[in-house]
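Engineer: Sequence:
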Amino acid sequence: MSWFSQLKQASFRGIPFAVLGSEGHFGRRVALHEYPYRDTPWVEDLGRSTRQITLTGFLVSDSAVYGGGDVLAQRERIIGACEAPGEGILVHPTLGRLTVSCANRYGSEGALVVNERWDHGRYFELTLSFIESGKRIFPSVLTSTADAVNAAAAVADTAANADFVTRASVVLVQGSAVVGQAVSAAAIWARNAQGLSNDATSLHNMVGTLEGSYGRYFAGRNQSGFSSVTNAVTGGAATVNSLISLGAESRANVGTAGSTLSTIASGLGL
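According to the numbering used here, the stretch in the sequence shown is residues 1 to 270, in order.
Note that these hints are calculated values from the structure, not bench results. Quick caveat: nothing in here was measured; it's all calculated off a predicted structure. Note that beta-carbon positions come from the ideal geometry of N, C-alpha and C, so glycine has one too. Treat the hints with caution; some may be incorrect.
[What the hints assert, rightly or not] Here are the simulated distance ranges between beta carbons: (1) Ala73 <-> Gln9: 50 to 56 Å; (2) Ala154 <-> Arg29: 35 to 41 Å; (3) Ile89 <-> Pro36: 47 to 53 Å; (4) Val155 <-> Glu23: 51 to 57 Å; (5) Val114 <-> Ser5: 36 to 42 Å.
Build the full structure now, drawing on both the sequences and the hints.
Structural biologist: If you want it as structure tokens, here you go:
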């Protein structure tokens with residue numbers, strides 16, 4: 001891609017013109033601080049300096065490049081564009097589209113200088129001065145969001161660690177008492193279960209589940225209508241010998257279960 005093919009058609013507020021040359025002022029704004037007995041000053045940076053752009057160009061009747069028509073009409077349009085209030089869009093041949101104000105800040109000449117000569121005929125030479133314009137934003141002090149997030153995260157981490165240590169200490173202190181209570185309760189449950197098993201599987205109580213009448217100690221409950229319920233547990237073919245065997249087996253099972261529960265609870269207590 002050639003240099004000429006990259007150039008853009010210059011215009012201001014939509015009024016085209018030809019460009020012969022351009023001059024720009026760029027840099028930083030600084031405050032110079034000089035001190036006694038110090039050879040070098042301190043240069044305080046105040047931000048980017050105002051960009052000033054000066055274009056040297058011309059208007060010509062019926063240009064083969066940008067058109068434009070009569071040169072006098074072109075001159076009136078460019079004067080009107082430069083005298084209009086507010087910001088405008090400048091298309092610079094190499095800098096591209098810029099928002100500017102047409103004003104000459106550094107020199108004594110006007111923002112637009114039109115040079116006309118009789119021997120130039122339908123050719124007017126121009127000098128245009130522009131200052132880059134920005135939005136009306138006042139200086140402000142900003143908080144570094146990254147530093148603020150890191151600081152908040154550090155505070156949260158410290159608080160979480162402290163809370164964990166406090167809660168863990170309480171749980172450990174209370175946990176010992178809770179485990180002790182669980183061991184004691186398990187032992188009580190085992191003893192009660194064994195006692196209930198001994199009572200429920202005693203031959204005296206189990207004979208009452210048999211069918212028929214077996215004297216004054218057992219006939220009452222069977223004759224009162226409980227035989228239909230108890231027979232569902234023992235079965236109609238049960239005998240005294242089978243009840244003895246069943247009771248012994250049940251007591252052994254309950255005793256084994258109680259011992260296992262006590263062993264587990266004691267292991268938790270350790």
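Engineer: Against each hint, give a clear statement of whether it holds in the structure.
Structural biologist: Do the hints match the structure? See the list:
1. Ala73 <-> Gln9: 50 to 56 Å: Given about 18 Å between the Cβ atoms, the range is violated.
2. Ala154 <-> Arg29: 35 to 41 Å: holds (37 Å)
3. Ile89 <-> Pro36: 47 to 53 Å: holds (50 Å)
4. Val155 <-> Glu23: 51 to 57 Å: About 55 Å separates the Cβ atoms of Val155 and Glu23, which means 51 to 57 Å holds.
5. Val114 <-> Ser5: 36 to 42 Å: At 30 Å between Cβs, range violated.
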